[in-house]
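S.K.: Sequence lines, in order, name chains A and B. For the first sequence, position 88 matches number 88 in the UniProt record's numbering, and the numbering has no gaps at all. For the second sequence, position 204 matches number 204 in the UniProt record's numbering, and the numbering has no gaps at all.
It is worth saying that the hints were derived from the structure and are not from the lab. Treat the hints loosely; a few may be bogus.
For lysine-lysine, the following DSBU-like pairs were computed, each having C-alpha atoms within a straight-line distance of at most 30 Å [claimed, not checked]: (1) B:Lys139 x A:Lys125; (2) A:Lys69 x B:Lys309; (3) B:Lys65 x B:Lys11.
The lines below spell out each chain.
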Amino acid sequence: MTLGLINANPVVHAKKERVARPLDDPHADDAVDPLEIYDIVRDIRDPEHPYSLEQLSVLSEESITVDEKLGRILITFTPTIQHCSMATVIGLCLREKLKDCFPAHFKVDIKVAPGSHADEEAVNKQLNDKERVAAALENPNLRQLVTECLYSSEL
Amino acid sequence: MSLVDESFELKELQVLEGHADRVWSVAWKPATGFDGVPAVLASCSGDKTVRVWEQSPSSGSFQCKAVLEETHTRTVRSCAWSPSGKLLATASFDATTAVWEHVGDDYECVSTLEGHENEVKSISWNASGSLLATCGRDKSVWIWEVLPGNEFECVSVLQGHTQDVKMVQWHPNMDILFSCSYDNTIKVWAEDGDDDWHCVQTLAEANNGHTSTVWALSFNATGDKMATCSDDLTLKIWGSDLLTIQSGNGSAPWKHICTLSGYHDRTIFSVHWSREGIIASGAADDAIRLFAEDGDGLVDEPKYHLLLKKDKAHDMDVNSVQWSSAGNRLLASASDDGTIKIWELISLAGDQKPPL
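Working from the sequences, and respecting the hints, build out all of it.
M.R.: Have a look at this one:
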């Protein structure tokens, strides 16, 4: 366990203006809208810094792609640095936040943006091994950290 | 009865509800389901419990007869009956393996095996019931000797896998142990006499092996073929020489026979070979697929074909598929949707085709 922050000086961006969704939006209800998903995850707090994943450009609107026909959601995020050891925690936060947000048969794949992490393949493998994810979320320390990242914006 | 010429249907008989979280595994109790003995099935779940289901002789439907709870403190990942059916072993993310005995109307935990550093993922009893193997995320495989009075003694801790070990399975006839892992390999472990266990073969990418996590393996009835399934979206069939295996002289090497690719587009979590030779797979696309050997393949180069695909078998990922060994063509499946389903493989007469 390294002392001090992995990335002590992250670059912080202004929050993008939020577009209000019209009430008579034809895409409401059944459809899974990437922007709706983005709205749910953009404010997740980074595990190490008091900023949201959006503010640190870890996530952007382009991070989410949805294939309605196949029932697949792909989230691509960009860790702030190449050797980010919090990448798997961010993955856990994303899965936990999105847990009950779309029809049960939808599959979620989470990856780091290509070229954004030194151990890209290894990190992607761990992020998508559902048994590892399940076990990690049962670990009280990780659970605590995830809860803080998800709910601190509501405090 | 030829598996090549006939058409089949997988008929859903019943949906077993009760678990409060995803169901990871199911296991049929040996020596049940025929000769008037009702079929019994165990299931284990993320809800930390194990349920035992029994088929009613009059109605044919399965009912939950017992809930094994307040023992494991985390997800119960897999369960396995001893060959006699007297004991049920359960592996948990709480790093322990519990052994249960049927006492009267209930099940009692008679032993707890500790030793793994973290999540235990799989257990397997050998054919005679004298040995138990466990494996887990700590990359090790443990072999335990079954002693009188429900005592268990660890006889070996096998290191070799470089990552999380997902499943262990004893050979159906010989005391040879197989394990598969997140490190993409399958390892074969044998004894040198006197509790000296070591890895005698590793089936890796270079041997036509898998290119991602291997989740499960299953043997055919004669024990000379093995099917493995993986996150790399393929099923692989491996073979070994039966006579060499049985002679016990040195180890019989396993060779890649065939790769079934293009049939799955999400991780395959489970594979199980029935006594009749039908291979069932359960995958993350919510479907169950059945494969059988071609009738006209060469003896040395058998080919396999898709017998049927059951789309939307469950509402979510299928984690486990298990054929009953009772010869009644029943298949049990477990899913992230919290249910277990009982299926029957029905053969359709002559010109009847399954509805599209």
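S.K.: It remains to establish, for every hint, whether it holds in the given structure.
M.R.: Verification of the hints:
1. Restraint check for Lys139 of chain B and Lys125 of chain A: satisfied, since their Cα atoms lie roughly 17 Å apart, inside the 30 Å limit.
2. Between Lys69 of chain A and Lys309 of chain B the CA atoms are separated by roughly 19 Å; this keeps the pair inside 30 Å, and the hint holds.
3. Straight-line distance between C-alpha atoms of Lys65 of chain B and Lys11 of chain B comes to about 24 Å, which keeps the hinted pair within the 30 Å bound.
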